[in-house]
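Chemist: The residues making up each chain are set out below.
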Amino acid sequence: MTADAHRLVDHLFRERSGQMVAWLTRIFGPAHLDLVEEVVQDTLVKALQQWPFTGVPQNPAGWLFQVARNGALDVLRRRSSFRDRADTIARELTRSAERLQRHDWRIDDLIQDDEVQMIFLCCHPALSRDAQAALSLKTVGGFSVQEIARAFLTSDTTVAQRLVRAKRQLRAANATFELPSGEDLGLRLEAVLEVIYLLFNEGYAARDGDALVRDDMCREALRLARVVAASAVATPAAHALTALLAFQSARLPARVDDEGDVVLLDEQDRSRWDARLIAMGFAHLERSAAGAVMTPYHVQAAIAAAHARATAPGDTPWPTILRLYDDLLALQPSPVVALNRIVAIWKVRGLDSAEHELQALEDTTRLNTYYLLPAVKGRLLAARGEVERAREAFDAALQLPCSEPEKRLLRRLRERLGCRV
Amino acid sequence: MPKFMLLLHDNVDGFAAMSPEQMQKVIEKYVTWGDRLRSSGVMHDGQKLTDEPGRVIRSKGGEVRVTDGPYSETKEVLGGYYTINAGSYDDAIAVARTCPHLEYGGTIEVRQVDAMGGE
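Chains as they are written, first to last, in my numbering: chain A, 41 to 461; chain B, 1318 to 1436.
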């Protein structure tokens, strides 16, 4: 055993597993994804059996890729189905494994194209959004079926079936590992960005359940966004999304208190915001400004940036944020955006304007089952000092479908009015 | 100080179903455990054995016969071993009890190395 054992970087197995799956899928072809996943799982099991005795090797990634190569060559020898392609596959396995070995300090760079193509494959139009998301997490993200199920608050069986179906659909569609070309490339990239956005939001949403795996999903979404943004096919929108996710991720540590309860933005301990991620956000925000296209990701990133810039709640540039919400509402008319905009109106133009807008929203849309509307109303009434009506609004919100952490937040807001629970 | 061998029998089925993240956590536990024993001078050596069942060599009636190892029919395989320094069987068992192996359905066989008065 080595005297000073090497330490494993956090999530190394997950990341390397995703990279190995991408690498081997390129070589074997998407039709053999099951086989590829098996080879990668066996590789990790080998590390699990060996490293407790020998310690972590000096170059864990190099070790894993080498063992995966041997496992893949073994499969080629055992299975006759590859007979006509076996030589080509074996040559490419050896060639690329040697290349990774020789340049092992930059495996991440060398494997990046494979990873990007793998994400694009997972977002094939033959698959539903949910299937695209699950398959991305499983293959590129190195999440297990159980972890995906916990992250999406669904059952193992549902996820397992979704994955089986997705792989079958990829085979049926004759999906290739090559990136689509022409117009299809742009469409596929849009799907990729949407899936990454979905993964992040699923992890970020205030819900009970396994907080750890949900934070991990946010981290993985940011990682995927960065991989795509660093690739040759990156667009300003990809940078905008990466900026948005970096800003949001920066706030993750401050977003819930020790009891797992939601902490409102105004009340967060801003010293717990991750400065490194905020800097990353600004770097990508700058690169997102190239070109003339303005996507909802751009506007949301700009809003997140405005919050990130404020070192105290009082420094928040609300007029800027309100203008951005105006833009966002035009690009993406949704109740959530409208309600967030009303909060900005309150901060800029005062309570009367905000209540007026809220009334207009109540009259023009059918939001009577959406808890956030009475919740915002309650906050406006509370600010006005109308305790009784505010309490009624929070009670109304609590009657509507919302998650447990959201319910706890509403109860806390109601308690602050001086009422008993 | 007497030496003891900890022979680690794996339950292979348990590993195959783990997620990459879980596997990494398991390895980290073993590594932390090994580091602690090494820094306190308890750990002497550790080796992983290869996965195949190995060979058993017997002599019967003057004829030497080689057969496949004893584990081919069972789910538990001898995965590897550690050699540790311990004052007594009780001490060695106390060390083995802290081994993460037990958390993952494995079995540990503890045997004292017979120094024949040489130590």
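Source of the hints: derived by calculation from the structure; they are not laboratory data. Errors might be hidden in some of the hints.
As the list claims (entries may be wrong) - When the alpha-carbon atoms are kept at most 25 Å apart in a straight line, the in silico DMTMM-like pairs for lysine to aspartate or glutamate are as follows:
{"#": "1", "chain 1": "B", "residue 1": "1342", "chain 2": "A", "residue 2": "77"}
{"#": "2", "chain 1": "A", "residue 1": "86", "chain 2": "A", "residue 2": "114"}
{"#": "3", "chain 1": "B", "residue 1": "1342", "chain 2": "A", "residue 2": "428"}
{"#": "4", "chain 1": "B", "residue 1": "1342", "chain 2": "A", "residue 2": "306"}
{"#": "5", "chain 1": "B", "residue 1": "1346", "chain 2": "A", "residue 2": "114"}
{"#": "6", "chain 1": "B", "residue 1": "1342", "chain 2": "A", "residue 2": "248"}
{"#": "7", "chain 1": "A", "residue 1": "447", "chain 2": "A", "residue 2": "148"}
{"#": "8", "chain 1": "A", "residue 1": "387", "chain 2": "A", "residue 2": "298"}
{"#": "9", "chain 1": "A", "residue 1": "86", "chain 2": "B", "residue 2": "1369"}
{"#": "10", "chain 1": "A", "residue 1": "387", "chain 2": "A", "residue 2": "426"}
{"#": "11", "chain 1": "B", "residue 1": "1342", "chain 2": "A", "residue 2": "148"}
{"#": "12", "chain 1": "B", "residue 1": "1342", "chain 2": "A", "residue 2": "78"}
{"#": "13", "chain 1": "B", "residue 1": "1320", "chain 2": "B", "residue 2": "1426"}
{"#": "14", "chain 1": "B", "residue 1": "1346", "chain 2": "B", "residue 2": "1407"}
To be verified - Chain A is nowhere near these chain B residues, computed Cβ spacing over 10 Å in every case:
{"#": "15", "residue": "1318"}
{"#": "16", "residue": "1333"}
{"#": "17", "residue": "1338"}
{"#": "18", "residue": "1345"}
{"#": "19", "residue": "1364"}
{"#": "20", "residue": "1365"}
{"#": "21", "residue": "1368"}
{"#": "22", "residue": "1370"}
{"#": "23", "residue": "1380"}
{"#": "24", "residue": "1382"}
{"#": "25", "residue": "1402"}
{"#": "26", "residue": "1411"}
{"#": "27", "residue": "1414"}
{"#": "28", "residue": "1428"}
As the list claims (entries may be wrong) - One-sided and incomplete, this derived list gives chain B residues near chain A with beta-carbon spacing under 8 Å:
{"#": "29", "residue": "1336"}
{"#": "30", "residue": "1343"}
{"#": "31", "residue": "1351"}
{"#": "32", "residue": "1396"}
{"#": "33", "residue": "1406"}
{"#": "34", "residue": "1410"}
Ideal placement from N, C-alpha and C gives every residue a C-beta, glycine not left out.
Chemist: Any hints this thing doesn't respect? Which numbers, in order?
Modeler: Failing hints, ascending: 3, 4, 5, 7, 8, 16, 17, 18, 19, 20, 21, 33 and 34.
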